[in-house]
Amino acid sequence: MELQEHKFKVIGTRPIRHDGVDKVTGRAKYGADISLPGMLHAKVLRSPHAHARIKSIDVSAALALPGVKAVITGKDLPELPPGSHQMGELVVNPRYLSMNIMARDKVLYDGHAVAAVAATSPHIAEEALKLIKVEYEVLPHVLDVRKAMQDDAPILLPDLRTSGTPEKSDKQTNIASQVRFARGDLEAGFRAADVIVEREFTTSMVHQGYIEPHNAVAQYNADGHGTIWVSTQGPFSVRELCSHILQMPLGNIKVVPAEIGGGFGGKTTVYLEPLALLLAKKTGKPVKMVMSRAEVLRATGPTSGSYIRCKMGATKDGKITAAQVWMAYEAGAFPGSPVGAGCMTILAPYALENLQIDGFDVVLNKPKTCAYRAPGATNAAFAAETVIDELAEKLGIDPLEFRRRNGAKEGTAQPAGPQFRRIGYIETVEAIMNSEHYKSPLPQVDGKPVGRGVASGFWFNAGFQSTAIVSINSDGTANVVTGSPDIGGTRAACAMIAAEVLGLKAEEVNPVVTDTESIGHTDVTGGSRVTFATGYAVYEAAQDAVRQLKERAATIWKVKPEDVVYQDGVVSCVNNGHEPMTLKQLAGRLARAGGPVTGRAAVNPRGVGPGFATHVVDIAVDPETGKIDILRYTAAQDVGKAVHPSYVEGQIQGGVAQGIGWALNEEYYYDEQGIMRNTGFLDYRIPTCLDLPMIETILVEVPNPGHPLGIRGVGEVPIVPPPAAIANALYRAVGIRMTELPMSPAKVVKAILEKNNAQK
Amino acid sequence: MANKVHVETTLNGETVEFLCEPRQSLLEVLRDILGFTGAKEGCLTGDCGACSVILDGRVICSCLVLGVEAQGKTIETVEGMAQDGQLHPLQQKFLEHAALQCGICTPGFLIAAKALLDRNPNPTEHEVRYALAGNLCRCTGYDKIVRAVLDAAAVMRGGTHGAARA
Amino acid sequence: MQRGEIVALVPLLVPASARKIPAERTAIAVQTHMAIVVIPALWRTLTQGKDRIQASGATLKDIIDDLERQFPGFRERVVEQGDLAGSIAVSIDGEIVTGGLSEPVPPHSEVHFVPAIGGG
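Protein chains in written order, with the numbering used here: chain A, 1 to 760; chain B, 1 to 166; chain C, 1 to 120.
Calculated directly from the structure, the hints in this document are not laboratory data. One should not assume that every hint holds.
Residues on chain A that point at chain C, a partial pick, calculated with CB under 10 Å [said to hold, decoys possible]:
(1) Gln178
(2) Lys282
(3) Pro338
(4) Thr345
(5) Arg373
(6) Ala413
(7) Pro418
(8) Phe420
(9) Thr477
(10) Pro605
(11) Gly607
(12) Val608
Keeping only pairs whose Cα atoms sit at most 20 Å apart, straight-line, the calculated SDA-like set for lysine to any residue is [as the list claims (entries may be wrong)]:
(13) A:Lys29 x B:Asp151
(14) A:Lys168 x C:Ile96
(15) A:Lys147 x A:Ile675
(16) A:Lys171 x C:Ile96
(17) A:Lys505 x A:Lys409
(18) A:Lys130 x A:Lys29
(19) A:Lys409 x C:Gly94
(20) A:Lys75 x A:Ile57
(21) A:Lys168 x C:Gln48
(22) A:Lys133 x A:Lys29
(23) C:Lys50 x A:Arg180
(24) C:Lys61 x C:Ile96
(25) A:Lys168 x C:Gly49
(26) C:Lys50 x A:Asp185
(27) B:Lys4 x A:Gly67
What you are looking at is a predicted structure, and each value in this text was computed from that prediction instead of being measured. Built from N, CA and C at the ideal position, the CB exists for glycine as well.
If we strip away everything but chain A, and leave its shape as in the complex, we get (with noise of 0.2 Å):
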């Protein structure tokens, strides 16, 4: 049944999402929500050294404390063999992920998971865990990323190897990845260069701040089955990464996701799940464990801090010649950064002969980095957009005719090769020229220098596998089941285009996110990928009932089904000879015309559309403080088509207001002992409602030609092009090229008085 996009009737709406009355209700359960009967509680003793040799963990006091059911060290976890493979979107190394949830011989961040202990009350465990020995011997640690690369950098990992490398090397070593990219001919490419700017950036780890803590709660059976509760991103990932840390039978492992509280990327991996589940074991009653917010930042998967330096050349009518780029990303304890992510994205949205770009994935003491949202492009898109706002005010250029001029098309080369199919790049960069924003003159603050910048960005989203049942019910309605978990809106997404197949309204369709045991394999909900691969299911589920509903309709009219055709939601036969059935009619008859009408797909699509944004902000400069104030700020970006744009326009915002922290405040501080001292909300400051304001979003729909209907992921690209995008409006205000992320107060002053003092 093929649909036609001019006749859409649901996909493109609005509706109600399906699971919003029990959100605005307090019904709606969390992983933190969940409660066992006898259900024990489980809290983390952490390193509270950045680099040291676990000597000796002794656990009796905490074992005698009254309340105290069990207590677990690295030793309990078994020992893993080396090598790393892939887990739908996640390249694992399972052997460093279980060094990571419990330390063995060293801990190597200040929050290292050292021992657990669990009780009957949260209190008692806190309690416990005060109990507990560990003798250290401190050795020296390593916080800079290019320190970490120096032949006389503390090594944190004795067999870690440099991969990638032209020869192998048998040297220890911190770098444990080197990529690079490379075409044509740098060096004639800066020679034809009129223009040439070359700038050194620093930008600092930062963290996804989902509000909600990671948990987990696990109970295991006799049987030697366990079932784990917990609010995650990817159930089957769990399930998966807990069979190879625990071995266990994969199949002896349930994952029932609970609703989630954000996550960006930070919980597509475990903390806590296997060791609920562990302690679940010894104790033989369920376990729940939250983590602290100074836990979940201290200890789960914050994203790299960079070094990066960005050379480019281009002629005076605006071509860019030649691109050379070196960056060094923070992987933490172990490897793992998105430094290739980083290398790919980074000047992905123009056309360039002439470029190489080498990147390197550095361990060094700090939490290992997980994922978060379009993890390595915002790094990489503030070094590269800054230059590229450089050249074009050395030459005259307006930044977004610059960027035009130099756009990405379909057939233009990546940087890491392959060819782009149909993309919308130029499309929004358009969009934004003609904005009422851009058009608009700036805004006028009293005694404020105030400045206007634009940036672009790119993500390449994602496809991997999912799964998708679709049944009708008796009297015409329709679930539809995925082990998606929605995070920001993909069940109303899902039940929409199962609608948009069937002839349903949206609010007839029951969209359902189910656990491991109910549903077939599903990767994660993240890389912009459910919309888009889960959605790809429920379509193809959606027109397999349609198939099994027409069988029933040819059953009961005893006709071929060939000659049987659905369309808005109404059977009719082609010859005319019997009366039309609609959906509801149908549905009451179908036990005596062959049974249940169950759809089902599983897919692992290609056709993935990756996604491009251009924003535009004007902001203010307090010149004796350094606060830089968002006045006005307008995303445009390619979305493919919006299924429900209300959810899209979502998506925006959120990413817009996370770059926008990361360019004006998030960071990892830490002290000379490598003791991170802003663990909480306080310190680590994230936007407010009063920081920012309204976020403008320009939807421009260039339908992904590999998509049935036309969908490109939205959820990553928007967070890669604010921090480029403030630094290059605050450039327009003060005259300053701040290369330093967070453009925190205290260093826009210093940058500030600095240029005062140069100029007198």
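We have chain A already, so just place chains B and C on it with the hints.
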């Protein structure tokens, strides 16, 4: 084992009593003893507002108040906002404006917004942002939340409540 | 206060099968089942600095076998435990493919080995 204290309080208009240890916060009491899990734990240091409830007419962070302090007081939580099967206009407008994505901060925002509109029925955008600055949201960028609150305020001033089901 | 503005472009859906082959590539890959493989920069020491190599084969496995014949040492960079290495993704004519070593490689296509990327 600490001695438990007997506390009697009014919760969403009903008299309730419970036993709690002196060290347990009001948030812990609401969630783990009384089973009202609408108020959420986000930081336990009063910085995020996810645990917001109204105590004797004032918005407070229930993570910063002890359970025993509820003795003789009146508490309103998000669970009490819908009345007789009808959503409160704030709840209805949050849904219409898509003012929530993951929803974890939503109960806290609804409570803080209700407290604002109870004392200031006609706030400006700036006043709304100022009143809600103690509630952190990481998903929405606040745009749709502020629109929803302003729209609900208009509905409440107009005297008509939006159609709803609870 | 304005709502998000939706600018709809290109209202007709383009079939997924649409694919253009630049003339330059057909000129190079004149035999059937010849593909162009773009070699990642750090592996070009294996290929004497060449970045674009012709390789023959109907599947990715065949292509890799041919590359190993031409440049010994190539296979161990992309194959681990009999499967495509987890840290590597393969793009054929601009599309990340999902079939691993059995993925068919159409004649005249352009093959890239890129780092596997996950999102957040």
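Okay, the hints, checked on the actual structure:
1. Gln178: 7 Å, holds
2. Lys282: 32 Å, violated
3. Pro338: Status holds, d = 8 Å.
4. Thr345: Holds: closest Cβ of chain C sits about 9 Å from A:Thr345, inside 10 Å.
5. Arg373: 5 Å, holds
6. Ala413: 9 Å, holds
7. Pro418: At 4 Å from the nearest chain C Cβ, A:Pro418 passes the 10 Å test, so the hint holds.
8. Phe420: 6 Å, holds
9. Thr477: Status violated, d = 28 Å.
10. Pro605: 8 Å, holds
11. Gly607: 5 Å, holds
12. Val608: This hint holds: A:Val608 lies near chain C, its Cβ roughly 6 Å from the closest one there, short of 10 Å.
13. A:Lys29 x B:Asp151: Not satisfied, since the Cα-Cα distance of roughly 28 Å exceeds 20 Å.
14. A:Lys168 x C:Ile96: 28 Å, violated
15. A:Lys147 x A:Ile675: Distance ~18 Å between A:Lys147 and A:Ile675 Cα, so the pair holds.
16. A:Lys171 x C:Ile96: 34 Å, violated
17. A:Lys505 x A:Lys409: 37 Å, violated
18. A:Lys130 x A:Lys29: 32 Å, violated
19. A:Lys409 x C:Gly94: 13 Å, holds
20. A:Lys75 x A:Ile57: 10 Å, holds
21. A:Lys168 x C:Gln48: Distance of about 17 Å is within 20 Å: holds.
22. A:Lys133 x A:Lys29: Measuring from Cα to Cα gives roughly 37 Å; hence the hint is violated.
23. C:Lys50 x A:Arg180: Between C:Lys50 and A:Arg180 the Cα gap is close to 15 Å, so the pair holds against 20 Å.
24. C:Lys61 x C:Ile96: Measuring from Cα to Cα gives roughly 16 Å; hence the hint holds.
25. A:Lys168 x C:Gly49: OK: A:Lys168 and C:Gly49 at ~18 Å, within 20 Å.
26. C:Lys50 x A:Asp185: Given that 20 Å is the threshold and the Cα spacing comes to 13 Å, the pair holds.
27. B:Lys4 x A:Gly67: 16 Å, holds
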